[in-house]
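With the hints as extra help, turn the sequences into a complete structure.
As a plain string of letters, each chain reads:
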Amino acid sequence: MSMETTIKLAPDAFERVPKDIAQSQALVRPSLTYWKDAWRRLKKNKVAMVCLVFIGFIALIAIAGPIAYPNYRANNLEKTFAEPDSENWFGTDDLGRDQFARVLRGGRVSLFIGITVSLISLTIGIVYGGLSGYLGGWVDDLMMRIVDILITIPDMVILILLLVMLEPGIGTLILAMSLTGWTGMARLVRGQVLQIKESDFVLVSKVLGAGTFRIITKHLIPNTIGIIIVRLMMSIPGVIFSEAFLSYIGLGVRVPEASWGNLAEAGALQFPNHLYMFFIPAVFIMLTMLAFNLFGDGLRDALDPKMRK
Amino acid sequence: MSLFSYIMRRVLISLVTVFVVVSLTFFLMNLMPGDPFIGNKAVPKAIKDNLYAKYGLDKPLFERYLMYLGNLAKGDLGMSMTYKNQKVVNVIKQAFPVSADLGIRSLLFGVIGGLLLGVVAALHHNGPWDTTATLLAIIGVSIPGFLIGTLVQYIFGFLFSNVIKDIFNTSYQLIPIARWEGFRYTLLPSFALGFASLALTSRMMRTSMLDVLHQDYIKTAKSKGLTPLQVTWKHTIRNAILPVITVLGPLTAAVMTGTFVIERIFAIPGLGKFFVQSVQMYDYTMILGLTLFFATFLIFMNLVVDIAYGLIDPRIRLAKGKA
Chain A
1 MSMETTIKLA PDAFERVPKD IAQSQALVRP SLTYWKDAWR RLKKNKVAMV
51 CLVFIGFIAL IAIAGPIAYP NYRANNLEKT FAEPDSENWF GTDDLGRDQF
101 ARVLRGGRVS LFIGITVSLI SLTIGIVYGG LSGYLGGWVD DLMMRIVDIL
151 ITIPDMVILI LLLVMLEPGI GTLILAMSLT GWTGMARLVR GQVLQIKESD
201 FVLVSKVLGA GTFRIITKHL IPNTIGIIIV RLMMSIPGVI FSEAFLSYIG
251 LGVRVPEASW GNLAEAGALQ FPNHLYMFFI PAVFIMLTML AFNLFGDGLR
301 DALDPKMRK
Chain B
1 MSLFSYIMRR VLISLVTVFV VVSLTFFLMN LMPGDPFIGN KAVPKAIKDN
51 LYAKYGLDKP LFERYLMYLG NLAKGDLGMS MTYKNQKVVN VIKQAFPVSA
101 DLGIRSLLFG VIGGLLLGVV AALHHNGPWD TTATLLAIIG VSIPGFLIGT
151 LVQYIFGFLF SNVIKDIFNT SYQLIPIARW EGFRYTLLPS FALGFASLAL
201 TSRMMRTSML DVLHQDYIKT AKSKGLTPLQ VTWKHTIRNA ILPVITVLGP
251 LTAAVMTGTF VIERIFAIPG LGKFFVQSVQ MYDYTMILGL TLFFATFLIF
301 MNLVVDIAYG LIDPRIRLAK GKA
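For the protein sequence lines, the chains are A and B, in the order given. The numbering of the first sequence is the numbering used here, which starts it at 1 and goes up by one. The numbering of the second sequence is the numbering used here, which starts it at 1 and goes up by one.
These are calculated hints, taken from the structure and not from any lab test. Keep in mind it's a predicted model, so treat the numbers as computed, not measured. Don't be surprised by glycine CBs; every beta carbon is placed ideally from N, CA and C. It cannot be assumed that every hint is accurate.
[Said to hold, decoys possible] Restraint-style ranges between C-beta atoms, simulated for each label pair:
(1) B/48 - A/60: 47 to 57 Å
(2) B/216 - A/198: 28 to 38 Å
(3) A/34 - B/134: 50 to 60 Å
(4) B/90 - A/70: 28 to 38 Å
[To be verified] Sample of chain B residues with no beta-carbon within 10 Å of chain A, all distances over it, derived:
(5) 24
(6) 109
(7) 163
(8) 167
(9) 168
(10) 231
(11) 248
(12) 253
If you want it as structure tokens, here you go:
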């Protein structure tokens with residue numbers, strides 16, 4: 001099947017557009033940096049913004065709360081298991097400690113552990129994964145085989161052993177969880193480094209005479225930072241979860257210190273009496289984890305538009 | 001050939017890992033302050049020496065390590081140091097079936113439920129089912145299993161069962177909240193433990209289904225005139241289910257660890273209780289035996305899942321062969 005063009009084009013039907021370099025170069029919209037663009041996308045995501053506000057609120061009460069209500073350890077044996085009232089907003093526990101102060105303190109401890117462990121794992125992961133990917137060759141092979149083996153060992157086994165071996169406490173908990181948490185990050189960073197190392201723009205940069213330092217600061221970091229931040233955000237609720245889990249089976253934070261995990265455990269021990277002791281910390285754990293997860297999702301969409309579904 | 005070498009490599013890594021776990025656990029455990037015979041009571045030195053001799057604690061560390069490895073090769077995990085005359089192997093034999101029962105029930109519930117929900121959600125993309133699945137997925141990730149456990153205890157075992165008791169005027173507990181004595185007893189713990197798996201599986205299945213639905217071969221299948229059921233069953237689900245298989249390894253691990261708390265909450269006589277207790281009582285042989293068992297089991301499950309995936313999906317094999 002063939003089609004013949006029968007339209008006749010008359011030259012005078014066209015008008016020559018004058019070259020206007022100034023106009024073609026003019027910027028119609030303001031240029032956006034990567035961060036401005038990401039922020040713009042994030043702002044559109046209502047769920048993520050609500051979660052961000054909630055995380056800010058939780059952070060605020062974790063910082064300021066224990067300063068305003070410092071008596072989380074004070075016993076009051078004349079007023080045990082008091083239901084929430086105007087004096088003790090969240091009631092009191094088996095030793096008459098004020099649950100409101102304990103929940104605030106617990107929030108500080110849980111968030112502190114979550115953020116610290118995530119940051120430490122992140123740092124170890126970046127150094128290890130970055131070195132492995134950057135050095136390449138047999139060093140990379142060896143380092144990654146070690147990670148392969150470490151990843152296969154169940155986290156809980158290492159956690160439990162370390163927690164039993166060392167003095168129980170927040171420091172030990174942070175150490176143990178950091179030791180098991182970095183492997184995933186190391187793999188992620190290594191993958192990114194390898195991918196960028198092989199990319200054309202790095203080759204061009206090298207050909208133009210850029211040194212290692214320039215390549216790392218100008219190409220490697222800007223191209224991986226988004227993924228790393230998202231990973232960091234997503235790992236915080238995971239750590240809060242693990243802390244709560246360990247405290248729940250009695251291996252984590254111990255009384256009189258408070259964390260959301262051991263508050264929920266103390267509440268579960270009184271079950272089904274004194275339900276407020278269980279439900280209040282439980283709700284705090286759930287909402288905080290929900291907020292971090294949803295915000296992490298939103299952040300991922302904002303920082304990496306390709307991931308968008 | 002490539003598949004064979006792939007399997008061999010995975011088996012090798014797994015064996016090395018098991019060895020590392022045994023050695024690590026052995027030496028870490030012996031660094032622990034305290035020992036199983038200190039307790040609160042003051043034990044005369046002679047008795048202590050005898051106890052040490054009986055359990056071989058008087059020998060140098062490295063010799064004990066070699067001895068342990070030797071016994072291990074014979075399948076002997078030693079005697080418990082706190083339970084009298086209990087072999088560690090026997091404790092595992094007795095308690096593991098209960099844990100495994102609970103684990104399998106919750107996995108079945110989670111995986112089958114998750115697959116169904118994921119399929120329905122993807123087929124009604126952006127519809128109410130889809131919203132439900134997405135919501136469930138995010139809730140499942142955000143609410144720890146032990147909180148769900150206590151919550152369902154309260155809602156079903158307490159509120160709901162009390163309503164039943166009131167209506168029929170009996171003391172019959174319809175849905176029990178503790179122990180492990182029959183089907184009714186398994187409902188709540190399996191749900192609490194399986195909920196996270198359900199959330200994760202449905203999320204994976206939904207994403208995978210949506211991915212497959214956009215492929216050209218689905219268009220081809222439709223244009224060939226296949227019925228919607230045939231397209232969904234033979235072409236979409238079959239292809240979409242493959243990546244979901246990989247999640248089975250991590251899921252098994254999560255369920256295994258989850259049993260620790262769920263067993264505690266529901267007073268189920270499984271392995272979790274022994275694990276936590278042995279750690280608190282410095283029962284060296286028990287910790288070592290249980291850790292080893294636990295780690296080996298998980299490593300083995302991961303291996304099985306990986307190999308199964310390699311066998312099922314020819315694309316994986318091809319990619320590995322090229323690399």
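Verification of the supplied hints:
1. B/48 - A/60: 47 to 57 Å: holds, 55 Å
2. B/216 - A/198: 28 to 38 Å: At roughly 29 Å between Cβ atoms, residue 198 of chain A and residue 216 of chain B fall inside 28 to 38 Å, so the hint holds.
3. A/34 - B/134: 50 to 60 Å: The hint (50 to 60 Å, Cβ to Cβ) is violated, given that residue 34 of chain A and residue 134 of chain B are roughly 28 Å apart.
4. B/90 - A/70: 28 to 38 Å: violated, 51 Å
5. 24: violated, 8 Å
6. 109: Per Cβ check, residue 109 of chain B is outside 10 Å of chain A; nearest 21 Å; holds.
7. 163: Per Cβ check, residue 163 of chain B is outside 10 Å of chain A; nearest 15 Å; holds.
8. 167: Holds, because the least Cβ-Cβ distance between residue 167 of chain B and chain A comes to about 20 Å, which exceeds 10 Å.
9. 168: Answer for residue 168 of chain B: holds, closest chain A Cβ roughly 21 Å.
10. 231: Residue 231 of chain B clear of chain A: closest Cβ-Cβ about 22 Å, beyond 10 Å.
11. 248: At roughly 15 Å from the nearest Cβ of chain A, residue 248 of chain B sits farther out than 10 Å, so the non-interface label holds.
12. 253: violated, 6 Å
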